[in-house]
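Asker: Chain residues, written in single-letter form:
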Amino acid sequence: MPDTPRIAAVGLIGLAVTFGDKMSDAANRAAIAFRAAVDAADWPEVTETASTLVSTFVAVDLIDTPFEDMQTRLQALLETRDWYAAGLPGGRKLWTLPMCFDDSRAPQIEEAARAAGLSKAEAVASLSGSRTRVITLGYAPGQPYLGTLDAAWDIPRQTDLTPRVPAGALVVAIRQFVLFTAAMPTGWRHVGQGAFRTFDPNRETPIVLTPGDEIRFAPITPAELDELERGDSLGGATWEALP
Amino acid sequence: MTAQLLIRKTGPAVSLQDLGRPGFIAQGLSRGGAMDRLALHEGAALLQRPVRAALEMIGSGGTFEVTADTRIALTGAPMQARIGDTALAWNASHLLPAGEVLTIGGTIEGAIGYLHLGDGFDLPPLMGALSAHNAAGIGYPVVEGEALPLRPDTGTQTGLQLPHDPRFDGGTVHVTRSLQSPLFGENALYRLTQTPFMRDARANRQGIRLNPDGAGFAAEGGLTVVSEVIAPGDIQITGDGAAYVLMCESQTTGGYPRIATTLPGDLPRVAQAPTGATIRLVLLDREAAITREKAARAHIKALPGLCQPLIRDPATLRDLLSYTLVSGAVSALADPFEGDMP
Numbered sequence: 001m002p003d004t005p006r007i008a009a010v011g012l013i014g015l016a017v018t019f020g021d022k023m024s025d026a027a028n029r030a031a032i033a034f035r036a037a038v039d040a041a042d043w044p045e046v047t048e049t050a051s052t053l054v055s056t057f058v059a060v061d062l063i064d065t066p067f068e069d070m071q072t073r074l075q076a077l078l079e080t081r082d083w084y085a086a087g088l089p090g091g092r093k094l095w096t097l098p099m100c101f102d103d104s105r106a107p108q109i110e111e112a113a114r115a116a117g118l119s120k121a122e123a124v125a126s127l128s129g130s131r132t133r134v135i136t137l138g139y140a141p142g143q144p145y146l147g148t149l150d151a152a153w154d155i156p157r158q159t160d161l162t163p164r165v166p167a168g169a170l171v172v173a174i175r176q177f178v179l180f181t182a183a184m185p186t187g188w189r190h191v192g193q194g195a196f197r198t199f200d201p202n203r204e205t206p207i208v209l210t211p212g213d214e215i216r217f218a219p220i221t222p223a224e225l226d227e228l229e230r231g232d233s234l235g236g237a238t239w240e241a242l243p
Numbered sequence: 001m002t003a004q005l006l007i008r009k010t011g012p013a014v015s016l017q018d019l020g021r022p023g024f025i026a027q028g029l030s031r032g033g034a035m036d037r038l039a040l041h042e043g044a045a046l047l048q049r050p051v052r053a054a055l056e057m058i059g060s061g062g063t064f065e066v067t068a069d070t071r072i073a074l075t076g077a078p079m080q081a082r083i084g085d086t087a088l089a090w091n092a093s094h095l096l097p098a099g100e101v102l103t104i105g106g107t108i109e110g111a112i113g114y115l116h117l118g119d120g121f122d123l124p125p126l127m128g129a130l131s132a133h134n135a136a137g138i139g140y141p142v143v144e145g146e147a148l149p150l151r152p153d154t155g156t157q158t159g160l161q162l163p164h165d166p167r168f169d170g171g172t173v174h175v176t177r178s179l180q181s182p183l184f185g186e187n188a189l190y191r192l193t194q195t196p197f198m199r200d201a202r203a204n205r206q207g208i209r210l211n212p213d214g215a216g217f218a219a220e221g222g223l224t225v226v227s228e229v230i231a232p233g234d235i236q237i238t239g240d241g242a243a244y245v246l247m248c249e250s251q252t253t254g255g256y257p258r259i260a261t262t263l264p265g266d267l268p269r270v271a272q273a274p275t276g277a278t279i280r281l282v283l284l285d286r287e288a289a290i291t292r293e294k295a296a297r298a299h300i301k302a303l304p305g306l307c308q309p310l311i312r313d314p315a316t317l318r319d320l321l322s323y324t325l326v327s328g329a330v331s332a333l334a335d336p337f338e339g340d341m342p
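Protein chains in written order, with UniProt numbering: chain A, 1 to 243; chain B, 1 to 342.
Take these hints with a grain of salt, some might be off.
To be verified - Computed list of lysine to any residue pairs in SDA-like fashion (alpha-carbon distance at most 25 Å, straight line):
1. B:K301 / A:T47
2. A:K22 / A:R175
3. B:K294 / A:T49
4. B:K301 / B:T278
5. B:K294 / A:K22
6. B:K301 / A:R175
7. A:K22 / B:E287
8. B:K294 / A:V46
9. B:K301 / A:E224
10. A:K22 / B:E338
11. A:K22 / B:K301
12. A:K22 / B:D240
13. B:K301 / B:G84
The hints are simulated quantities; they were obtained by calculation from the structure and are not laboratory data.
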């Protein structure tokens, strides 16, 4: 495969601009920043954009619009700057999510701490004090992959699946968190539990997180979590604009 | 008072589907919508109005009534259908009188039938569409006892029919290269076109499994690649070398590599292939794919002009009803995204 960044057709529905062949913080930042630049260009042929882990997807009907035309335009935009060094776009949010790290609601916190070579107290301090970025949303609607955690958290998936963790579960592996949209089985370890729902079709804004947003946690007790679970699907989440 | 569709009974996989919900890929929600989009356009042509949401019936239909006389159209996979005791022609429009029972049974060929009503349903859109997205838990329930309100219908014509379209028994499906095709190499792409595939029973609105008659496929660099955007119709290779054609409710990104992508106009043929049907893939370069896709779009535009008055031919109808049922059943157990699970 050619070097990155490279531009390729996604079937007949668009183009992808790929900034790396594996996940890296720089490639992910580039994909998010380049997506914002494509949005700002406001080309009428572009019906939708998205960023994945390391790519920007640009939806264009390649039956009506020649691939080469869009490739030329995207290439010119690519050459305007070093996207790996680009800052993240404006309009991002810093979210504060109430999160319970107590064993009673986060049953694998101790096991995850051992895997990371930390005491339980150190693990809770490290995870609850983390500030991560929404790398991408996927697998389920609105479900964020959050990174990148300290190197100690480069822990593998467990060999067996946990049959079910609830919606709102915070799980960890490979220096990333996932905050689950719905109850499901997982190979990652369940280290936190919140009342924030990443997707609620009945909410005014069903999906509130956007790739590039940042997340910090406000540690709460099991009793406080119980209280939030009786409230709305934002689960006490608040945000402020990032400069 | 607004007319209503009363749901008396339904099969296990009946849902409301329109052309789906674009615009949410960045947020992890795929477009969704009808598995056989051509069938929606056929229904719109038969009822002489724009595309509206229809009932998508996978494998089998159900029993329905309306509270006021309502035009209906039946498209997609032909199913056993009758009003009262009168058998109905498929791919045609009819009048369903208030209080009479419309019964739609199993598929005669193909996998997925569609029931269109008058001018569609009078329901508020959910995130911009009426489509049920089962994987995301979006949609109106279509279950026994539900009453779905219908939009007032200004149209009056019924008794139109479209020519039978031969997309219900597998056959030739056209594909083109996509983002990850280079991971497999040209030899594998050539072999893809020389390998007959059999439509597996494992299939749902997320993906349809095709079993190769011969050796399986694999990307040269292994099975795990960085997760990339998915287009509906992408042909994903899973751990055992089989192919999954990713359908309307697929995830938005995936870490299993995809060898090629199905042309949008050929996806209805994949959706309608019954279990056991043979599918052969033909690889087109981009230029040929665009030409073919333009023809598919022109066909959709031409549909209203292809509608003809329905000629009732009892001999043909009787013949049709004597077909053995072909199972188009779906399995909710198949998960083409297992390897992507966090």
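Asker: Broken hints, numbered, in rising order?
Answerer: Hint check: 4, 5, 6, 7, 9, 11 and 13 fail, others pass.
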